[in-house]
Amino acid sequence: MQETISFTPQLGTSAITGILWLIPAVPILASGVIALLKQPKRRTAATLAIGSLAFSLILALIAFAHVLSGWAHGHAVRETLNFTWFQFGRTNVDLGWVLDPLSAVMLVMVTFVGLLIFIYSTGYMAHDENYTRFFCFLSLFAGAMLGVVIANSLLLLFMFWELVGLTSYLLIGFWYLKPSAAAAAKKAFLTTRVGDVFFLLGIVWLFGDTGTLLFYNSGAGSIESHALLGLLIERSAFGLSAAGAIGLLIFAGAAGKSGQFPLHVWLPDAMEGPTPVSALIHAATMVAAGVYLIARVYPLMQAGALAGGTTTALTVVTWVGAFTAVFAALIAVAQNDIKRILAYSTVSQLGYMMAGLGMGGVAVGMFHLITHAFFKALLFMGAGSVIHGCHEEQDVRRMGGLKSDMPVTFITYAIGMLALCGFPLLFSGFWSKDGILEAAEHFSVSKGPFYMLVLGALLTAFYMTRQVSYVFFGVNRGAKNAHESPTSMTVPLGILAFFAIALGAVGTPAWPWFRSFLDGRAATLEWSGFSEPGLAALMVTSSLVVFLGLGLGWWLYGNRSPQPEDPDVLESAAPVPWAWLRDRLYIDEVYTATVIAFYGWWARVADWLDRRVWGGAVAVVAWAFGLWAQLNRFLDTNVVDGSFDKSCEELSTGGGLLSRMQSGRVQTYLRLLALAVVALAAILIWSSRA
Amino acid sequence: MNPLTGYLLVAALLFAIGLAGALTRRNAILVLVGIELMLNAANLNLIAFWRYGPHPELLTGMMFAIFSIAVAAAEAAVGLGLVIQIHRHAHTTDLDAMSRMKG
Amino acid sequence: MIEKADQVFVLLSHWLVSFLPSALQPAAAVLLSVVAIIVTFPALFAISVLLERKGLGRMQNRYGPNRVGPFGIFQPVADGVKALIKEDIVPFRADAVVHFLAPVFLVVVVFMGYAVLPMGRNMTLVNMDAGLLFFFAIGASTELSVFMAGWSSRNKYSLLGAMRAVAQMISYEVPLLMSSVAVVMITGSLSLGKIVDAQNRYTYGLPHWYVFTPWGFAGFVLFAIAAMAETNRSPFDLPEGESELVAGYFTEYSGFKFALFFLGEYVGMMGISGLAATLFLGGWSAPFSWLGWVPSWFWFFAKVMLAMCIFIWVRGTLPRLRQDQLMNFAWKFVLPLTFLNLMVAGLWRFMGEGWLRWLVCSAILLLAYTLMGRNGMRSDHIGPRSYRYAD
Amino acid sequence: MSIVFYVIAGLSVAGALAAVLLKNTVHCALALTLAFAGLALLFLELDAQFAGFAQILVYIGAVAILVVFAILLTRGSETPHETVYSRNPLVGLVTAAAIFAVLGWAVLHSSQALPGPAGTPTAEPQVTVMDIGNALMGRYVLPLEIVALLLTAALIGAVIVAMHEKEAAR
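Residue numbers (numbering that gives the first Met the number 0), protein chains in the order written: chain A, 0 to 689; chain B, 0 to 102; chain C, 0 to 390; chain D, 0 to 169.
These are computed hints drawn from the structure, not numbers from a lab. Every residue, glycine too, gets a C-beta built ideally from N, C-alpha and C. Heads up, some of the hints might be wrong.
As the list claims (entries may be wrong) - Some chain A residues well away from chain B (every beta-carbon gap over 12 Å; in silico):
(1) S662
(2) R664
(3) Q666
What the hints assert, rightly or not - Quick look at which bits of chain C chain D covers, simulated, 3 or more residues with Cβ under 8 Å:
(4) 145-156
(5) 186-192
With these hints in hand, go ahead and build the complete structure from the sequences.
As structure tokens, then:
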């Protein structure tokens, strides 16, 4: 009877927590070393990066095992190690790191997927001249991401957060000679900044109210009950509690990183970066950082929620997530760039996660995050392998019939695609998405999100089928003599494919191991989990939806291989909405027309002010000083110098007289000295006489 | 007469002789020699005062003399080194010729 | 009886002095011992010269002098007579006074050194408190006589030899002094008598000579090297290198003055040997406790003669150094080692009894010796030759 | 005042005079050593054994040799033909004489004030080298250190000053 085991929160720190900081530190150190390497030292660089991350993986596994054993013995392990960074006044700013199921799981995922992607990159980037720089950035990114994961202080998290942003900027703009890449990098950086500003506001607010930024500090942490009470009492605008407001601000930051609806624009463009980067940053880790952030501050978001009820913050999260899911899926339908399609699907999946967090709680969202990390990384790397095989061709319409040319890639890609679509029972994606849908169904506020998510699922299945049939089926259009990728790329694909299937096992309703692990409850295997009311129906529904999407996609695109020139099937059917979708619903254009235009205007105004107003003032001052200087000069030349010269002449004449005595002969001086001595002695004796 | 007086007189005489040498010889080395003599005279004074002073067991004068001997050695080394260097540049040790520093 | 044999000379002098009025007795005693010294050591000088000539001869596969007297043992006498009756030549341009003073000064100074050597129990001429210092002070002034000789001869060979000799003596005087300072540190006294007493103790019949301690052994070796250089003996005999400068600073000397120089050199050697024996070999103390019945003075002179034999042996064995090698060796090898030895002696003094200090001190010294020998003294580290070809 | 004192004093004064007056520089140096020796003897006469030997060791053993070396290195060993005195040496002589006059006057003038009853030397102090060593390591350890530093600096300085410039040597 495992229920008898009481899950007491265990707080103390163990050895592994003491050295937790090594996990991010080692890759960062490695990147520093690599940065010092010379360009041709490719092998060393790769070895360093992979070795450091492997080390982190081992540590992460140890930590995970520690947490797991604690959990098996019935403790909700939450070990923190905090220290004071600096102190002003009486408030001191604390940093620290935490080891609890959430961070443990995340650590393992990031290090594992990251390691696979590193290995993959050695093959993918083999011909790139800036190989070492690439690995320098990669491991710096990995370190930063791991830092985000282990941070126990919102401040520390924010630092690593910004570091992640920086590295993503560097990696997206890795081929900075391509103007599009440079632009994309800038765009990603600026867009995420918008979110981060709100995030920072939230941090400051939280610090102002609770006086600490530590998450958990044995009761004194900022998101532990005591502080939360204070936050709940305080009211802020729109009838929000301070907790809610801060939660929303933080969510803005998360939305920026995770490409939620208003701030999603950077993510598709980020595909300008090398494919491993896309896989690492824009599928597995960085975009997940936003979700992870929300999961981390979940108590804050949830604060004040009645049993089964929800809070404003969570509702907002849910709606944004759900909307993003559908919206991005819609756009994905009409894209032709293989990576863009995946990018939009990522956005929509992130929407799923957000919605899952908003409705179902940490476990639901995180589960989807983990599974998604695996199969989306798989998809991206498969896409990379395809692009590699087709000689940097990215347009799906110029591919086709690759299933015979690159079988491994095809099989793994198919697995990833099915997982993403949520193909029933077999694949991890199904279970995680199912959890979200279930949560959505029980959502108290409204049924809207549920229907939106179902629609999203349909669209997902549809566009993925479209892409796959474009890429792998039909006859090859363009991209002659496509070839399979090297093993260094295919092996990771295989491993990821395995996990894309296997991970589902830990999240089935029958055995919700993952959820109970995160929530710190005992996991029991009871088949009755399936026979919960409505669950079966839900599963059937989602399966049907998925089948519908697949079938629709296959009926429209399967095995017919249109030439790149002639219009898409849907386009010929409904040109106008197609054009809308193809042009990403003109979000970018809207931004260009509103925000950017405004900034341009404002810049011009500022420029005008500079030139006319401030410039004029400066000119006047300068003129005045010039006048003053003239006056001084006049005084100098006529008054000061005159007297000075005269005195100097006096001095030099006097010196001339004196210098007569300076014959330059030592002995003359000695004689003078001796005479002086004589005189002195005589005086002394005389005085003593008297 | 008082033995101390005798020593002091000898010291004074040596000092005067050394000074005379330092003042009148034109060879830089001999000027240094004179200076050494003066130093020795001073040492003699110190020792004499130590010997006939009220507290010889304190060894003050003796110590002073020993230290001054050490310092004199250093002074001689550096001084002669300088003389050699000057000779290397000006090819003379004649002090009257070395009046480059005159004002 | 044994005491009588031991103190025979002391008793003798007492007996002789006792004939004089008591007012003169101290002075007379001193005078007597001075005379004794002045008689003894030239005799030893003669013996050692013979020894050297015959020994070198053997080493070079030839008979030494073997004509005068049985086995040529009267050779020194013949040499002395020859030196005395030879014409005394003084170069025309030479500075006659200095030229004359140089050998006299040398001999006087060299003999003065013996004043403080304890040649046996109660057989020290002046047992002064700063005996060691006195010895070195006197020894330092031999350089002056060498210079006088070289300069006054108005001969470039002499001058070069003198300059070399003086430079070399100054260079090696420092390690000589430093290596004996170690002994002073351990004994805690500058008086040679006290130093000998400190070594005149036995455990299991074995003496406490300083040479039987790590620092003492190192110090002894360094002292020996420095002593050879100090006395311009081979392999440090550049100042009188026949192949380069006819005979060094006494090229222009002949006859009696030459003999004086010769005497001075050997007496100096014996003096320094005596000092070495006193400092490291336990002076007049017997090598084994059960040999205590042998008169102390015998041991002293035995040790001195042994040292002389070593001098001769080395001369017959080693080739001559080059000037720059000589200087490098002095300043880059011997001097640092002596300083290190000084510190090791301090360590020895403060580590207390026990086997540990033996281990540590020997280890340090051995390590230093190997390292410096490897790195400091490798031939490519000797540096460029100090002279240049005439081009 | 013992006869020994007068002899030694005369010796050293004579040496000093010779060192100052002789024409040949090397003779001057040798005479200087004579003066040094005399002074050392005076020290011994004053029961300052250690100081006396130190005097011999340092001055005769080192300084005199240094002077001689310097003379030879500066080719000053041959007697110069023109005068060895600098211009108007009389001034120097007068000055030196004046100094002697003043000092002697001072000594004689204050001879009554001097410690110790006239004529009888105070009991000779019993100082062993051990005492000196203790004093050096105890009361006078700071001066000792400073002197050590000074000597080191002087050594280095002398070497650097007298060293051949490399380009000159080439």
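Evaluation of the provided hints:
no. : hint    : verdict
1   : S662    : violated, 6 Å
2   : R664    : violated, 5 Å
3   : Q666    : violated, 6 Å
4   : 145-156 : holds (count 3)
5   : 186-192 : holds (count 4)
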